[in-house]
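Residue numbers (the working numbering), protein chains in the order written: chain D, 1 to 198; chain U, 1 to 524.
Rather than coming from a laboratory, the hints here were simulated on the basis of the structure.
Here the structure is a predicted model, which means the values were calculated and not measured.
Check each hint, because a few of them may be wrong.
Capping the alpha-carbon separation at 30 Å, the derived lysine-lysine pairs in BS3-like fashion look like this [said to hold, decoys possible]: (1) D:K97 / U:K268; (2) D:K98 / U:K130; (3) U:K57 / D:K97; (4) U:K57 / U:K86; (5) U:K207 / D:K98; (6) U:K510 / U:K497; (7) D:K97 / U:K135; (8) U:K212 / D:K98; (9) U:K130 / D:K97; (10) U:K207 / D:K71.
One-sided and incomplete, this derived list gives chain U residues near chain D with beta-carbon spacing under 8 Å [said to hold, decoys possible]: (11) P101; (12) V102; (13) K135; (14) V136; (15) K207; (16) F211; (17) W216.
We put the CB at the ideal spot given by N, CA and C, even for glycine.
Each chain, written out:
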Amino acid sequence: MASSVITVNRDTRPGYYPILYGMWLTLKNMLETLFVKGRSATIEYPEKKRNISGRYRGVHLLTAREDGTPKCVACYMCATVCPAECIYIEAGERPEKKIEKYPTRFEIDLLRCVFCGFCVDACPEEAIFMSRENDLVGTSRAELIIDRENLMHRGKLAEVGPGYRPVDHDVRRPVRIAALERLKSEHGIVPGMPNSPR
Amino acid sequence: MPKCTIDGTEIEVAPGTSVIQAAEQAGVRVPRFCYHDDLPVDGNCRMCLVEIEKFPKLQIACGTPVIEGMVVKTQVTSEKAKEAQKNTLEFLLVNHPIDCPVCDQAGECYLQDQYMDNGLHDSRTVLEDKIAKRKVVDIGPILLDAERCVVCSRCIRYEREVTNTNLLEFVNRGGSTQISTYNGGPITHEYAGNLVDVCPVGALLSKDFRFKMRVWFLKETDSICPGCSTGCNITIDHRDGEAYRIRPRRNVEVNKSWLCDPGRDLYKTIGADRVTAAHRHGGTVAAPSEILDEVAAKLQAAGAATAFLASPHASNEDAFAFKKLAFSVGGRLDFRVGNPQDKVAVRKDQILQREDRHPNTQGLLNLGLGVSGVDVLLADCRAGKVQVLVLQDADLLNDPAVADAAKNIAYVAVMATHQGPHLQAAHAVIPAAMWAEADGTFTNFENRVQRFKRAFDAPGDARPRFEIALALLARLGQPLNAATAGDVFVEMAVEMKTLGDLTHRSLGSKGVIAGGNIQAQATA
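One chain only, chain D, in its complex shape (with noise of 0.2 Å):
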């Protein structure tokens, strides 16, 4: 087998160089932080928090209806897709016949998530967003287990905002549109209400 030589440029500098440069970076560091503003490495959390990503992959929210029923159907989407089967959902009919299902247990364990986003990414109903609440405490594993009312309602969102969701709220209507243009450019035919009583 042939092997190449590769020539590395060693450091001929004396072997104490290093650590002085180490001690004169923490130096320089150490005094920034005192007396130059604006140049401090750190920040002082909590009472300081550092500006997140609005694709920041926090804590689930659940949507709600305009009359604060949950968007979710239960399809299972999520739950089919979760890489760390966190999520839990058991259905029950609504009284609604357009939509009949809704979930009536729909439980995240936080503990298990590994917070990939998936779950949003699976969600047919835009459902299932993510909020930028990163800053998650417990006194006990049951409380990061939590629930389709806590999810609804997270408390923090107006605090953090809202972080990983789909771009588009309806990433449907541009197909729709594009179908109806096409529709009409190429058969010259425009849909109307169908003659048949509903």
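Given chain D, put chain U in place with the hints provided.
For chain U alone, coordinates are given in the frame of chain D:
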């Protein structure tokens, strides 16, 4: 035997075979909605269009019989057929509500499958413009959603041809066509569950299974229905050791694609009120091995003053091991409590059900378990000639004659699946597995030996009945050279000439009629 070519594959089929069946034999599945293997052909959905040489237009594969020299191009090789199927699908989806997230059929829906295979179009109908039809209509054990219907008439043909009840029919015309029962009345017969299976989409859904589980989570296990002596082939759908539903499995010679509703409900018995630990009289729990030691010691001491009552709910393997156990101490042995053998082939209705509500009466008869005569056996029990009584199924204690006879016995040992007051009559309760939790075979009314497979483990300390009998045999010093149900079957086949050299494996998925030309059946 006409020969035809399907997508370049030459295949010889039986006369009268339709193109769709021939394609299936050649390994090509032509998409369909209205065609069903066990229903008459209607040809209304137009989904199975294929190109056939010398025909000017595309033909429906389900309604075209194969003739000599036919050259068929399905959607696999014909662009024309593929395009036609795509357009048909688009028409079928014009008024579909696309509510897959709430629909229980999602995951086993023909519309979903075929949309993924050859649709993938953008809908040209705005959701608000779709024709609204009736949703969530309660028609007895099933729910009707007319919006999801593709108007394939499978359910109507099922009602007409299989149950002869004609409860469903089309109403309205054109795009507003929908299925309905007369005046919205309920489906009254005991075969309503099949309508759900027959429906290729989510228009007819089971009320019992509604919203319980998404189907893609479920694992399937081939099994046999233990509800009666017909022995319908079934699939148990289960997840994490819990059964969620029972569906029929196609076997043309036994149940075609059908199953009765009482049979479907049997999954509910698996999870409820099970005996999970061995215990003595009064409920003191003991280790299973301790109880088995005790039972074996009692049997050894009593010798011939023992009686064994087998149950026609047990599999052939269970029964064979039980018979060996009875013979090892020379005790009395029978199983014919309530004379199930008289009803084994008597039909309860004209479709599937039989009067004998045990799955394996014929198997136990074949094994010769009815030796002592059940009346003599029970009379001996009452007369105090029997010291130890072993029951293969605790349910036998619910029979007044058995319960009465058990009163005089010093030691009653039962293999029990379910809790109940009847267990108080027993001195030793050994937890037993149900049919879904064990491997085995049932022999149905026509001597067909059919295999069922273990879907999941039995709860707690419960073990299959044959294992309990084997453990007792080992303790009595007469072990059987077998560890699994398959081993027991081989031992059984050695003794029984009618089984030939069958094994679990050679029974296949369709079963074999014992005593007939076994070799020919097993290879077929």
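Hint check results:
1. D:K97 / U:K268: Given that 30 Å is the threshold and the Cα spacing comes to 28 Å, the pair holds.
2. D:K98 / U:K130: holds, 13 Å
3. U:K57 / D:K97: Given pair K57 of chain U, K97 of chain D is violated - Cα atoms ~42 Å apart, limit 30 Å.
4. U:K57 / U:K86: Measuring from Cα to Cα gives roughly 16 Å; hence the hint holds.
5. U:K207 / D:K98: Satisfied, since the Cα-Cα distance of roughly 17 Å is no more than 30 Å.
6. U:K510 / U:K497: The given pair, whose Cα atoms are some 21 Å apart, holds under the 30 Å limit.
7. D:K97 / U:K135: holds, 6 Å
8. U:K212 / D:K98: holds, 19 Å
9. U:K130 / D:K97: Distance of about 16 Å is within 30 Å: holds.
10. U:K207 / D:K71: With a Cα-Cα distance of about 23 Å, the restraint between K207 of chain U and K71 of chain D holds, given a limit of 30 Å.
11. P101: holds, 3 Å
12. V102: Constraint on V102 of chain U satisfied, holds at 4 Å.
13. K135: Nearest chain D Cβ about 4 Å off; hint holds.
14. V136: holds, 5 Å
15. K207: violated, 10 Å
16. F211: holds, 4 Å
17. W216: holds, 7 Å
Violated hints, listed in ascending order, are 3 and 15; each of the other numbered hints is respected by the structure.
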